[in-house]
Structures are given as C-alpha cells and as structure tokens.
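So the sequences go chain by chain: A and B.
Just so you know, we're using UniProt numbering here: the first sequence kicks off at 1 and counts up by one.
Just so you know, we're using UniProt numbering here: the second sequence kicks off at 1 and counts up by one.
If you want the footprint, here are the derived chain A segments under chain B, 3+ residues with CB under 8 angstroms:
id, stretch
1, 202-211
2, 290-297
3, 326-340
The calculated lysine-lysine pairs, modelled on DSS-like cross-linking and capped at a C-alpha distance of 27 angstroms, are:
id, chain 1, residue 1, chain 2, residue 2
4, B, Lys362, B, Lys217
5, A, Lys217, B, Lys118
6, B, Lys173, B, Lys344
7, A, Lys118, A, Lys447
8, B, Lys217, A, Lys118
9, A, Lys344, A, Lys366
Residues on chain B that point at chain A, a partial pick, calculated with CB under 10 angstroms:
id, residue
10, Pro39
11, Asp97
12, Gly214
13, Asp216
14, Ala228
15, Asn230
16, Arg233
17, Gly241
18, Gly247
19, Val283
20, Leu285
21, Pro288
22, Glu307
23, His368
These aren't lab readings, by the way, just hints derived from the structure by calculation.
The structure presented is a predicted model; accordingly, all values stated were derived computationally and were not measured.
Idealized CB from N, CA, C, for every residue including glycine.
Number of protein chains: 2
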Amino acid sequence: MSLDQDRLDEVLARVDAQLPDSLDRLMDLLRIPSISTDPAFAGDCNRAADWLVDELTAIGFEASKRPTPKHPMVVAHSEGTGPHLLFYGHYDVQPVDPLNLWDRDPFDPQLEDTPAGKVIRGRGSADDKGQLMTFVEACRAWKAVTGTLPGRLTIFFEGEEESGSPSLVPFMKENAEELKADIALICDTGMFGDTPAIVTQLRGLLGQEVILTGADKDLHSGSFGGIAINPIRVLADIIAGLHDENGRITLPGFYDGVPELSDEMRAQWQRLAFDSADFLGQVGLSVPAGETDRTPLEMIWSRPTCEVNGISGGYEGAGFKTVLPSKASAKISFRLVGTQDPNKIETAFQDYVRSRLPADVKVEFKDHSASPASQVEISNPAFEKARRALSDEWEIPAAYIGAGGSIPIAGYFQNILHTDPMLIGFGKDDDQIHSPNEKYDLESYHKGIRSWVRILSALT
Amino acid sequence: MSLDQDRLDEVLARVDAQLPDSLDRLMDLLRIPSISTDPAFAGDCNRAADWLVDELTAIGFEASKRPTPKHPMVVAHSEGTGPHLLFYGHYDVQPVDPLNLWDRDPFDPQLEDTPAGKVIRGRGSADDKGQLMTFVEACRAWKAVTGTLPGRLTIFFEGEEESGSPSLVPFMKENAEELKADIALICDTGMFGDTPAIVTQLRGLLGQEVILTGADKDLHSGSFGGIAINPIRVLADIIAGLHDENGRITLPGFYDGVPELSDEMRAQWQRLAFDSADFLGQVGLSVPAGETDRTPLEMIWSRPTCEVNGISGGYEGAGFKTVLPSKASAKISFRLVGTQDPNKIETAFQDYVRSRLPADVKVEFKDHSASPASQVEISNPAFEKARRALSDEWEIPAAYIGAGGSIPIAGYFQNILHTDPMLIGFGKDDDQIHSPNEKYDLESYHKGIRSWVRILSALT
Ligand SMILES: [Zn+2]
Ligand SMILES: [Zn+2]
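Same shape as in the complex, but just chain A (with noise of 0.2 angstroms):
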C-alpha cells in the first residue's frame, strides 16, 4: 500500500541506516562465481540460488528455488492487496576473462574510492546482482519499518540470463497463472548518463556460432600454402562480406521490419544532447563506426547490426607456427529491432555463409539465442508514476529512453504472460559490465535501493 510522506521519508532512513549492511549482503553474493555460461560453475550457480532463498525466507517472501534442466530459477511471493508486481533480476554472471586484465580477483569483490565516488568492483556488481539487490534491500527496509512487505509482490531471479535463457520460455509458459502480474518491473538497465531512466525500446538479439572445417587434420603451410584451402580466410571473406561500405548489412532481407524512428521520439533523443565523442572517448575511441546515414543514438537504441564478437583459428599461442589450420570458428550476433524476424535473419545468414562457402569446406552452426526487439506500451499509467517517483529520488526529471542491448524476457513478459515489462535499472555507462573490472556504483546502489522504496509506494 501507498506510503504517506512521513512513513516514506521512515523508510528511506531506514535504508540509509542499513546501507552497510545491505552491501555486506551484496558482497557475500558477489563472491559466488555464478557463471553460467560454463559448466564447470553449475554448483556456484545453484550456491547463488540458494542464497537468494534464505535472505527472501528471512525479509518474509515465501520463496523456493524451483529447478529447470540447466540452472534453477528463484521465486518468491508476498501477500498483499492491490497491484500485482513482479520483480526480475538475474543471479548468474559473465565469464571474466580475459582474467589478467582484472585488477584483482573478480570474485573477491571489494569497495573501493575513486575520483568520481565509491564503487563496488567485482563481476556482477552492475550485472546484475547489485540491481537485484536495491530491491531486496528495499523490501527488507520497508518490512522493517512497516511490519509487512509492500503489497502482492512476486520476485522472480534467472540464472541463465548470461548463457541465452535456453529455460526461461518453458518455465514461464509452465508458470504462467503465477508469475503474471499487473506489471513487471525489471532492474538490469542503467541510467542515461546521471539522468534515471525507463527504457521503453529495446534489441533483440540473433547469436550464432560458425566453425568452418577444410582439411581433416591442420597442415604445414609449407607443403600446403597455396593449394589447400585455408578456412580463416574463408571466415574472413565471410565477415568482410557482411557489411557494405556504408555499413549496411548485406543479408538479403535484414531490413524487413526495422521501423524509421517517429518524429517525436527523434526529438525527445535530440533533447538528450547524447555527446557521442564523450560516450566514444571514455573506452578510447573518437568516431562513430557504423552506418554512415544515421546518428549514434539511433545506432544505439533503433538500428540493428551485426557484430563479431570472438573468432579463433589455428595457432595462437605465443611465437609463430606456420601452420594451415583444419578449422576456424566465429560468434557473430545481430541486435534487432521493430518486427525483425530472429528466425528469418538465422536462415537468410546461414544460406549466405553456405552460399560463400569454396569447394572442401564444411560449415556447423550452432545457435545461441533468438529474441525478437520488444516495444514497451507505456499508456499503462503505472509508468508516469514511476517516472515521478524516480525524479524525486535522483532531483532530475527521468527519461524513456531506448536500449542497446537486448533483455529478451521484456519480450517474454508480454507474450507469454502479457504483462507490460518495466525497465528500470540504476547501471552507468563505465560500469563496464561483461567486461575485466565491472563495478556498481555505490551511488547506484544506495539510491536505487531508495528509488524502488519510492517506486513501491507509488505504484502500490
């Protein structure tokens, strides 16, 4: 139930008071090495569920960890009256290599001072443990105070967000009357520079993995070069081939489905003033690659691309081998938008690379994800109250904004359970996440646990 001024201002005392605290709980997770992608990990995963049970148990949830083929998802409901609210955050993490590019153990998390501000450094501090956590936390503040948790409440945490979600579909379908709720609320975004932000656009998101075979074993360039054919230059003939030279991506029918941006949407980005050279210049970079006809924020949030995002092939280890490798494999992923068709763009790649493919080479794929882009509806009044609530909290007016990256489960909560999904997250641009030395902001952290006790009495 809604909160009057003074219970409200009780509440945010309360998370301020028990800040050291919440983030010695964000620590004891943070050093669970919940990566999902890599089998070697399954039981931190499952460890990280089950810390997630026992601190929802203790606030009041009724929670459980519900098991799924690969990592189990977590679940938990608080009774209440009005809305139903549903809560999703992901428990697993990235990979961390290249680990000698860490200052320190990724898993050894630790808070550290810095010129802009104290901040948490560890793998899944931003990503998403730390945004999972301000709501956590927020709830624990308002049990605290109040005597009961805020309203019909189900918290739902994912453990396979990081490794294509290859459960989430199934589990929510197979849940569906108890997850669906009168919205969704979302925390795995971050902010529009120090402005709080609601994203209401997002990517989809096509990932495959190519492995090019020619001969049956590697080979000596020397007895070889010239007659046996190589396949990391077939690889590179199919990647070159990808994009024109005004960066536009060459598959026959990708841009079926990809919708021009409204007029008023383009002039609400204008009023961002996005500073590409500055968004460039923090990872060292000066000049919008890319299509050559569009600015950087429509690149960003209402383009879709094409990236390669790891190739390896014969010999890398140090010094030189003059050998004519047997194999070479790319990841490549496409992030979507409008109505894009994740299944048409898979098959319209996958008879390109056939099509480019010389005498003698095989080619495997394998599939890693396919999610169409999702469009948010945000007539549902429950957003404009979120956005007030928000602005108070940071004493800057939030925006809508759109979203580079892709959260298929947004997709997911309206089709399945046809819940509108709220995407709000106190991430920053350098947190760096899925990348060596991700932190969270202690900002974030401390005012995005009071941001959602503001959210949770406006909306309930």
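Since the structure of chain A is already known, use the hints to place chain B with the ligands on it.
Just chain B with the ligands now, with coordinates in the frame of chain A:
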C-alpha cells in the same frame, strides 16, 4: 675416405644389426619436449643439446654445446682428410596443441604397427630429430666397422629452427671459419612420394603478426555495437583483401622477382606425375585452392603464397558472450620464391594494413622471420654422386625437386659461408609434421641411416 664395396656392405650390415639400439636412442631424444617457441620449455631445449653432445662424444666427435641468447647450438668435429662436409639438423620441435587431437602423449613416443608399415610416433620424430639421428647413426656404424669416423666432418645442430632461428645468422657469422665447408648436408626435407629426392629449390618465408586495437577495453556489444569499431571486422577486411578473385596476392610489387619456371624444370616436374587429387585426398580435400592459372606442383614449389596461420579475438570460450572486443590479432606468413625481397614485402604488407585501418584502430606488428628463397647450384659434382648413392639405396632413380617449406639455413650457407647446401631427407608426405600425431616411418629411419653411409662413402 671412400669405402670399397665389401667394406661398404659391412657398414650397411652393421646399420641393420644396430637398428633396435638406434631406435632406442632416438626414442630417448624424442622424450625431451624441446619446444623452442615456448619459453616454458627452455630447460628441455638445453637438455636435448646436452644429450646430443654426449652421444656425439661417445662416437668419437669433439662435441660441445655453444651458448646463444636463447637455445644453444651443438657443434662437433672429426679430424680427417678429404673434403670438409658440414651436416645440419635441428633438435627443437613444434608446439603440440591442439593436444586433444593426439592419439597419445606427443612426448611418449612409440613404435606402432600400421597397415602401411611400422612408424615412430611422437612430436619431432620426422621434424627433425628422426632425420638428424639418421646421420649420427650412420657415423656410429661407420666408426664401429672401420675404427674411424668418415673423414673431415662438422656436425651443426640448431635449437631454434621452429621459432625463427634468431641466433643462427649471428652464430654463423661469428663462427664462419669453423663452419665453412665444401658442401653442407641438410637433413630436414622429404622424399617425393616413394622417390628419394634432393631439394634444389626452396621457398623463403616472411612471418608477420598483426595486432589491432580499437577501444581500450572489451565492450558490451549491446551498449556499443554499431557505433564502436570492431577490430575483428577490420582484421577480416584486411585478410579478405589480401587475395583477388584469381587467388593472386594484391600487395603492390609482390610479384617482383617471381621467376617463371624454366621449360626444362617444367618438363622434369611433369615427369614426376604429381597426383594432386591423391595429395589433397590424404588430408580430406579434393580441389586445389590458390591461383587459378597454375598447376598444383607449381603452387607448392615455385609460386609465392600468403596464408593466415592463426587468428584470435574476443570471446573464444564455450558458450556465447556478446562482447565487442578491444583487440584482434592474426599471424600471417608469406612463402617467397626467386628473388622476392622479404624486406620490401614486409613494408608493402605493413603499408597495406595501415591503409585499411579506419579511425581509432591502432596496429602493432611483430616480425617473426624473414628469409629469401634459395636456388641451389647443382653443378658441384657432389650432387650427382649423392644422387647416385641415394638411387642405389632406394633402388629408384633419385630426383631433383622443389620444396614448399622454407629452410632459411640453405640460403645462409650460401650467403654467409659460401658453402653449397645439399638438402636430402627421408620424410613422407603423411608424416604430419607440425600437426598432431606426427610420425616417421621406420623405413625412413632405417634406409635414411643406410643412405648416409652410401653418401658419405661417395663424397669422402
Ligand atoms: Zn544483465
Ligand atoms: Zn624442420
């Protein structure tokens, strides 16, 4: 000194009788993992050099280990009359990865029965430990029967051949007086099918590592994909542009100094009846790649090539990671012929790479080797004597052939020591040198030892 027929037969009989012991000694040497390119095995390289010094000393050579900044040389002398013969081999071996493709521990060698006969299986069995030991064992049998070593010999073993021979030229220059000989016997090549062969045409090698850097850290392809430059894509463009649609290399001036095959050599090579379907079939291929207007044998022996020996970048582990990588790198090598100048081609290559770099991408080059091709002058009568000795042993007329691989030492003997190099080896096409499951036929080892006995008798 030359042996008369009876004495020669005695020495050959001694080779046959001592074969089991000769094999045991080779196995000892093969058990030392002397991988020269990987600093972790520096101690093993040193151990292999010590082992050779001990063996040569035991036979009666004046042998010593000679330090270099990296791995030691082994030099041994025997006193005698007649022409001064220099024998060269290398005791270092290639790395063994991918280890999982080996059917046994690469450094636990074994004699195996195969449908095609007995083979010695293990890293270095063919390249080059088995080959250099054919000469050592020939000297041992000669000494056992005649009481002396076969004349005025210098043995010269290198330990850096598989890692670009950084110490070789300085060492040869410093010790030119000691190493200068009437002819240099080099045992690091193969037969032509079942035909014993002397290689008179050798390609040179230029090795270049290219490391591209875009952003100063790995990025998330959701946040930065489309606007941040991807160095894997840049590298793919660079590699794709190195060849035109006819398989020719596009670097300006690349074909300067590439000679056309003489009619005489073309005719001789045609007589060899090279079966490219058979050659490619042994490694699971069927169609010659490469220049569309050249015969397969030309492409392997007398045409320059450009190959990618390794490529690396982004996430290469199991599963998928939507990283937009900071770095991508490739190891690229050129095989050179005629009077192609490795330094000019290095410059042309680096200029080409730089010309293809978009804004914000930096390049670093690492040089790995640069040696011109060499053409051996066979007018020295020693060549015809050796060819006849080989023909006697194998009961097939021996041939003068080309070789696709680079053996820079052949050029160095010519240019630094003014000594004619004679390349004779007993490797087979299916030895899988530089690859998993390397082997050396027991017949190559046995008849290789016998061949040297005959050649030594013919030349001394
Ligand atoms: Zn995430
Ligand atoms: Zn060799």
